[in-house]
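> Protein chains in written order, with this note's numbering: chain A, 1 to 291; chain B, 1001 to 1366; chain C, 2001 to 2319; chain D, 3001 to 3501.
These aren't lab readings, by the way, just hints derived from the structure by calculation.
Ideal Cβ positions, reconstructed from N, Cα and C, are used throughout, including at glycine.
Please note: incorrect hints may appear among the correct ones.
Claimed, not checked - Quick list of simulated restraints, FRET-style, between CB atoms: (1) R28(A) <-> L2178(C): 52 to 58 Å; (2) L3114(D) <-> L1043(B): 49 to 55 Å; (3) E3059(D) <-> S1067(B): 36 to 42 Å; (4) H246(A) <-> F1130(B): 39 to 45 Å; (5) Y2009(C) <-> A79(A): 32 to 38 Å; (6) H1353(B) <-> G3068(D): 43 to 49 Å; (7) L3114(D) <-> P2144(C): 51 to 57 Å; (8) S1067(B) <-> K267(A): 18 to 24 Å; (9) V2306(C) <-> S3145(D): 51 to 57 Å; (10) G2084(C) <-> S270(A): 29 to 35 Å; (11) V2306(C) <-> A3380(D): 43 to 49 Å; (12) S1067(B) <-> P2096(C): 41 to 47 Å; (13) A3322(D) <-> V2306(C): 35 to 41 Å.
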Amino acid sequence: TIGFAQVGSESGWRTSFSESVKAEAKKRGIDLKFSDAQQKQENQIKAVRSFIAQGVDAIIIAPVVETGWKPVLREAKRARIPVVIVDRNIQVGDDSLFVTRIASDFSEEGRKAAQWLMDTTQGNCKIVELQGTVGATAAIDRAQGFNDVIGKYPNANIVRSQTGEFTRTKGKEVMESILKAENGGKGVCALWAHNDEMALGGIQAIKEAGLKPGSDILVVSVDGVPDYFKAMADGDANATVELSPHLGGPAFDVIEKYLGGDKNIPKLISTTGDLFTQDTAAAEYQKRRLQ
Amino acid sequence: MSQQPQSLSIVNKVDSPADEALIAARKARYSPGKSTNALGRYLWPVSALVLLLLVNLFMDASFFSISYQDGRLYGSLIDILNRSAPVALLAIGMSVVIATGGIDLSVGAVMAIAGAVCAGMLVGGNYSLFTVICAGLTVGIVAGLVNGGLVSFLGIQPIVATLLLMVAGRGVAQLINQGQIVTFQSDAFAFIGIGAFLGLPFPVWLVLITLLLSQLLLRRTALGLFIEAVGCNASASRYLGINDKGVKLFVYGLTGFCAAIAGMIATADIQGADGNNTGLWLELDAILAVVIGGAALSGGRFSLVLSVVGALIIQTLSTTIILSGLPAKFNLLIKASVVLIVLLLQSDVFRQHAQSVLKGLKGGKA
Amino acid sequence: MSTRYLPLYVTGALLSLLFGLGAIQFDGFGSMRVVLNLFSDNAFLMITAIGMTLVIISGGIDLSVGSVIALSGVLCGLLIGEYGWHPLAAFALILPLATLFGAIMGMWIHVYKLQPFIVTLAGMFFARGLATMLSEESIAIDHPFYDAVADFGFSLPGNAWLGTSTLLLLLVLVVAVLVMHYSRFGAYVYALGGNHQSAELMGVPVAKATIGIYATSSFLAALAGIVFTFYTFSGYALTAVGTELDAIAAVVIGGTLLTGGSGFVVGTILGVLMMGVIQTYIIFDGSLSSWWTKIVIGLLLFFFIVLQKLLNRGRVQHA
Amino acid sequence: MQESVLALENISKTFPGVKALQGVQLTLRAGEVHALLGENGAGKSTLVKVMTGAMRKDEGTGRMCFDGKDRDFTSPSEAQKAGISTVYQEVNLLPNLSVAQNLFLGHEPKRFALIQHSRMQQQARELLKQFKLDIDVTAPLNQFSVAVQQLIAIARGVAMKAKVLVLDEPTASLDKDEVETLFGVMEQLKSEGVAIVFISHFLDQVYRISDRITVLRNGQFIGEYITAELPRPKLIEAMLGKELQAMHGQHQPGCADSVDAPALFKMDKVCVKNSIENMDILVPKGQAIGMAGLLGSGRTEVCRAIFGVDSVASGQMQLADAPLKPQSPAEAIKAGVALCPEDRKTDGIIGPLSIRENIALALQARLGWWRYLSKAKQQALADKYIEELQIATPDAEKPIGQLSGGNQQKVILARWLATQPQLLVLDEPTRGIDIGAHAEILNLIKRLCHDGMSLLVTSSELEELVAFANKVVVLRDRRKVSELSGEDMTPQHIMQAIAEA
Ligand SMILES: Nc1ncnc2c1ncn2[C@@H]1O[C@H](COP(=O)(O)OP(=O)(O)OP(=O)(O)O)[C@@H](O)[C@H]1O
Ligand SMILES: Nc1ncnc2c1ncn2[C@@H]1O[C@H](COP(=O)(O)OP(=O)(O)OP(=O)(O)O)[C@@H](O)[C@H]1O
Ligand SMILES: [Mg+2]
Ligand SMILES: [Mg+2]
């Protein structure tokens, strides 16, 4: 039995992630206890404590936030239940509290996206940014990584930045206003969105403003959801850094290894994905649609 | 105070001059028309809106400019109208629910359900646009009636009854499309969200039509009066022979209907149904809009027009924040301050305080 | 007399019913550990909800509590984690500040005759806004005092642990019950909820009472925020989003009327436990997808609220 | 002359559209009962509220001197602390709290800073004994009828041991016996040196208990008189500004007293759960039937059963030869019944709505939501009744909640008259109505009978009942005990029937 404390189902990406873990568990004949925390850390901690009370063999956590895990991880350790952290990072002083982290590096994603954009525009670019939810780690770190890179290019700067709360609706609404404020979007060279959903909303806003996304305004974001690949294939978007939702396999591998007695496991298994562009988009879309 | 001879003549008990003097004395105490203050109700919300718009003008001189391009009007003001459509629709429904002393927290979730149903049908099969829209509206009305039933027939407190659907409704919306954000290709349906008619965005028309129809339905029949009576004093309304349960059922149904339209606009706007995020937290905005419009949450008098003004204020505020270019982390602080200012403007006590302070300042100078 | 407490008995009975169901179905459910987990996991919510009970009985509502929890957590994080204050010093600053915050909301409600819903909604935006402005990132708290607090407690049979937060919660509960039923302030709270105008005419010091009520609620929310930092060893501006709704739901499920005037603090605790048991039940089951989780929570709540209604029908009704 | 405890001078109070008080004065001396009289809407209650801090007087006008000091109370709690205890018009208690809590709110007996519930209940029982009330003091207040609540409110006022006790229409819903009990208590307080302000529309009571009278008219001070030196006609003239045509004594039933008038409404062995038993009442067409009885004798419950508020457990009712089985007021109204309820505040007025809407609503509810009475029609209806019933208001748009108590009652009456029912049930219709309007309403009842309407009227004032009723039904312990008509129908006989064990 393995308990899996998931964040919620706030985005299409998250849902694919949950489904892939469940499918993987089924394939391997693991009894998976799935818990949805509805984006709340307190629910997630409750779930983990319930797993402990239930006496599961191992626990997988996809944490909502990086901090705040120390007490509950200590409790798990006392109960001798191995914990694997997936997707996001966590901050605890004591490494022994978990078996390993299978995490992507958000700032690396931001850097990749920025690097692509700088390479494409030779560092000349007025960028507008659609941020994720204020305070979310993904938003903070992606912005951080992105800014680190463009800081090196004096002619590239972010002219407007506002939160689109990781959703398509907000992304579109905010982009609309930004375009208005930026003289109808003239002079804006690129849109940088913290996730694909907002980017897709932004693309629609650009189209409705009478501009051509993908050429008048470049679009770059993170995640790699099927819809975005389609947009890239259609030429409406330019690039995305993929974030693989298939984290279930590696996590179960680690757990099986650990329970098998092999305690020699690296503390970090990095999964930062690749950057995809329009070139391969059509093919990738076909591949992903079939999954 | 002028005395009208006609008004004296209808007092048939006048027979002696002494009586006439008496009645004159009695009349002199009253000044008709002063006790009601219909204008005052509109004054403060509307001035708050105007003030906010002026702030924008100050920040961006071209704010009020409207141009005509490809058969539609284009400009920040039009955007505000367009973007406020979902909240305005919700506020229309919410104001009648609040007028009965209730509240509906589920409108955001109902939006998501209606959107999911429409999107699911558009993707899944060959339904005509008409069928799809009818299905969406029906789902909204049914959801509203469920709320209404819980409130009126089971006597569950409105906030809890609708909280149930607020929680479960999002689950239902996601269930319909298995948690995926379904994207559809239907220009006809997309028109609901992004089309334009006679220059104005279609959502604006939807708001206008809904506003007009509800206004007719509520004010050209006795329904509006019944709603207010139930909201002011449910027990007395029962003694009057008003079917308070029926009235409650109706208002929740109407709210569900409005939420369904709002949900379809939101879905058509991004041409996809996002069960988890469509209409998220919009119920709070809708309630805020109604209250900014001057309604009491304890029930009673309502004004649909003022609620729509409230929705416009909220949207203008959001636009202002985006235009201001301040970092996103200040959003909530700005919102809190503006809400407080609007509220204070509406408070008689505050206005009196402010007046006396102003007077004091002037006196001090003189 | 006994009919007054009927709703409490009914809620208690339903709670035991659900718990029994879980205990039969799952291994480890019917244990002392799960019971105490219910308290320690929900301690912050219970403390908040006790404050909310006060507010709701007085006929008001306080939407700002979730944000105040977050703000108090962030302040803890900043003061302790960043500036190296001693936790007790930080608490000594935060709690009075929060009380002042509540008092100001109460004053606005009373003096300017504004609706509580909307004033506290503005308060909610304000506190959350302030929290995000102070720190967008979550701040880890690492302090020996925290470790000491976390380790303090009593071990009970069945692998259960009676920790600081549960003890604190019990203390708050006892004080709250005493205040509500054996103090003049408590009587005023009920009076205001019964009929605001009558209460005023009967000589209830409305200004003091209103301010006191909202100050108490904010104080308890801030206390809950501190308890939450013990729970997570961190302060974060986005914690406890929507907690105000959970608290309100718990209060109402616990038998308090949202229109004010009647209800019990103990009922609220039962309300939180009810929601907690439902949650635990779903986690133990562990087979529900995200969306079914939401639907099932809604359905179970619905089922128990309706049962509660039906069972309470027996109360003598007067028009 | 005795020292004055409380002196008000030149007090004015203006509401939007109404000058409620214009330069009014009032002087209270220790150990006196001072009656404050005037028509409905004269400004009595407003004066009381200004005096006790529930309302602020207009800025810059008048002064108030209490206990030798200039005072200006900003809240009722302040006035209470200073020693003015007030029972406001309309019961202002807390329905959700127990009787004992209501009695002692704000000055509960304490020990170690904790409220002692048992001692409080004990004291409550003793206090209520003074008022001959033997009720469960732990029961919530809303279980009791208006009259009992009224007594509790008075008891609370008395229990505060204040220097000044203000009673605004305390006797409006009391029976003779309770009034006597109250007067006994007032005499006692008087002898202890308490100054009492007493407002009432019952002149008999005023002459029975008061030492001095202050009269207000149209918000103005008319005069202060010594009761013993002021003949009744003079008082009435001071109040109304004109003489009142003598209408008492001219007993003229509205229509033929004939025995063979066809029955319009019949109640046959009706029982309601937890309330009335085996009730038989017959109301002939075009006649007015009175109902008399003590507190809790079941009069209100009869009215409620007829109107479908409480459901009938057994027995039949008939209206105009058709069985009447209303499950809700709406059904009763459809069948042609109207009820003007006893509890004006909770079941009657819809406070924030205008007079116009309050009058039109019952008729509108009967017509249904679809057939809307246009604003103009509502206006016409409202104007008609404002004039006919002499409702004191600047216009029909004023929210009814802002009217004086008596005028609210008139509006409620107007509301039901507008529906033109076959059977009009009036539960204490003259509660709080001034003598001028009182006469109007009695005349109105007679006229309605004459026009063929049937009425069933409850009243605690027996003189009033015999003045218009064709027959009086006497209830005791929720059963009918006697029926009186013709010569037998005198207040004395009714009292006898009520009292007989
Ligand atoms: N809150 C208010 N707002 C506006 N007008 C008011 C308000 N309260 C009272 N009035 C008006 O002031 C006048 C005096 O009312 P008041 O209640 O003092 O009369 P009253 O003498 O007590 O009459 P009654 O015998 O009917 O109780 C009335 O015309 C009434 O309409
Ligand atoms: N003296 C009393 N002691 C205890 N309970 C009482 C008393 N008087 C009334 N009640 C309660 O109040 C309820 C309502 O009585 P109801 O109003 O029918 O009486 P009523 O005959 O209409 O008298 P009135 O209208 O004068 O109050 C009764 O069910 C009874 O329980
Ligand atoms: Mg009065
Ligand atoms: Mg009665």
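> Holds or violated: 35 to 41 Å for the Cβ distance of A3322(D) and V2306(C)?
38 Å, holds
> When you take the CB atoms of R28(A) and L2178(C), is the distance between them in 52 to 58 Å?
56 Å, holds
> Using the beta carbons of E3059(D) and S1067(B), state whether their distance is inside 36 to 42 Å or not.
For S1067(B) against E3059(D), whose Cβ atoms are near 54 Å apart, the range 36 to 42 Å is violated.
> That 43 to 49 Å hint for H1353(B) and G3068(D) (C-beta), does it hold up?
33 Å, violated
> Take a look at whether the Cβ-Cβ distance between S1067(B) and K267(A) falls inside 18 to 24 Å.
Since S1067(B) and K267(A) have Cβ atoms about 59 Å apart, the given range 18 to 24 Å is violated.
> Hint says 39 to 45 Å; check whether the CB-CB distance for H246(A) and F1130(B) agrees.
At 42 Å between Cβs, range holds.
> Range first: 51 to 57 Å. Now tell me if the beta carbons of V2306(C) and S3145(D) are that far apart.
33 Å, violated
> Range first: 51 to 57 Å. Now tell me if the beta carbons of L3114(D) and P2144(C) are that far apart.
39 Å, violated
> Mind checking the hinted window 43 to 49 Å against the Cβ distance between V2306(C) and A3380(D)?
48 Å, holds
> CB of L3114(D) to CB of L1043(B), is that within 49 to 55 Å?
Holds, at about 51 Å.
> So the hint says 29 to 35 Å: do the beta-carbon atoms of G2084(C) and S270(A) match that?
33 Å, holds
> Okay, Y2009(C) versus A79(A) on CB: inside 32 to 38 Å?
The hint (32 to 38 Å, Cβ to Cβ) holds, given that Y2009(C) and A79(A) are roughly 36 Å apart.
Checked against the numbered hints listed earlier, the structure breaks hints 3, 6, 7, 8, 9 and 12; every other hint is satisfied.
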